[in-house]
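Peer 1: Listed below, chain by chain, are the residues.
There are 2 protein chains.
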Amino acid sequence: MAINRKMEFATDEIALADFAKAIAHPARIAILKILAQQKSCICGEIVEGLPLAQATVSQHLKELKSAGLIKGSIEGKTSCYCINWEVFNQFVGQFGAFAELSKNALCQTQSCC
Amino acid sequence: MAINRKMEFATDEIALADFAKAIAHPARIAILKILAQQKSCICGEIVEGLPLAQATVSQHLKELKSAGLIKGSIEGKTSCYCINWEVFNQFVGQFGAFAELSKNALCQTQSCC
DNA sequence: CCTTCTTATCGTATATTTGCGATATAAAAT
DNA sequence: ATTTTATATCGCAAATATACGATAAGAAGG
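Note that the protein sequences, when read in sequence, are chains A and B.
Residue 933, in my numbering, is where the first sequence stops; the numbers in between run on with no holes.
Residue 933, in my numbering, is where the second sequence stops; the numbers in between run on with no holes.
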């Protein structure tokens, strides 16, 4: 009876969780790292840098793309992917905003637990 | 044949992915938000603020705890949880370091895709 | 047109996560 | 000592995610 209760949470909580889920896999972290270091990138190079089959890498790329974290287009024989920094930085900012809340927290300075 | 290839990735990639996974659920984001705003917290109050059964919330708390993101102790009838800001901020910092890589990225300024 | 090369999608097996009722545990209250 | 109250754990069903081989789609080169 694992009913999906996801939609009963606040929109911003769902959004942040979705972002986290998009990067919650070492392969996707590795892909982002590769893309961050390159000017632009072809999928083939990504496949070679990972211990996964081409089909699996393509699937991970699809997930990153549907999360909005990367953008890409097919250019002839190869497709070009790069990080959508606008989206990426926006989400990183959400974590920063989260940490802002800590100023109200007593546990920050005192150890109450 | 979904063999787990997790261990074939770099240690820091696995660590960052694990952190992301720990917060990759709206319930856990909601829990962290509640804890961040309170001085300290009892699990009971958390359960009331979420659309989930007590057993499920307890499980989410356990996951956050095993990820090191929260710390807590049972104090008599209730147990007290609070965010482990040291760990939390360390992981937020890893995202910041990630964004640092963007300086080498051409896609940051030009749209090559 | 046919072959080659690159990436995407499909189908499917397995693994992991989620959710909850039932139950255990343990301190507090009576 | 028994009951109440709060939280944790167990066991299972359902949902999702992961991985890959097979195959499709489509451009490039012959």
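I should point out that these hints are in silico values taken from the structure, not numbers from a laboratory.
Given the structure is predicted, the values throughout are model-derived calculations rather than measurements.
Some hints could be false.
Copies of the same chain are indistinguishable here, so a pair counts whether it falls within one copy or spans any two.
Subject to a maximum C-alpha distance of 20 angstroms in a straight line, what follows is the list of computed DMTMM-like cross-link-like pairs (lysine to aspartate or glutamate) [stated by the list, open to error]:
{"#": "1", "residue 1": "Lys-826", "residue 2": "Glu-906"}
{"#": "2", "residue 1": "Lys-853", "residue 2": "Glu-833"}
{"#": "3", "residue 1": "Lys-826", "residue 2": "Glu-883"}
{"#": "4", "residue 1": "Lys-882", "residue 2": "Glu-920"}
{"#": "5", "residue 1": "Lys-826", "residue 2": "Glu-920"}
{"#": "6", "residue 1": "Lys-891", "residue 2": "Asp-832"}
Peer 1: Each hint needs a verdict: does it hold in this structure or not?
Peer 2: Here is how each hint holds up against the structure:
| no. | hint | in the structure |
| --- | --- | --- |
| 1 | Lys-826 - Glu-906 | neither (26 angstroms within a copy, 29 angstroms between copies) |
| 2 | Lys-853 - Glu-833 | between (25 angstroms within a copy, 9 angstroms between copies) |
| 3 | Lys-826 - Glu-883 | both (18 angstroms within a copy, 17 angstroms between copies) |
| 4 | Lys-882 - Glu-920 | neither (33 angstroms within a copy, 24 angstroms between copies) |
| 5 | Lys-826 - Glu-920 | neither (25 angstroms within a copy, 33 angstroms between copies) |
| 6 | Lys-891 - Asp-832 | neither (22 angstroms within a copy, 24 angstroms between copies) |
The earlier numbered hints that this structure contradicts are 1, 4, 5 and 6.
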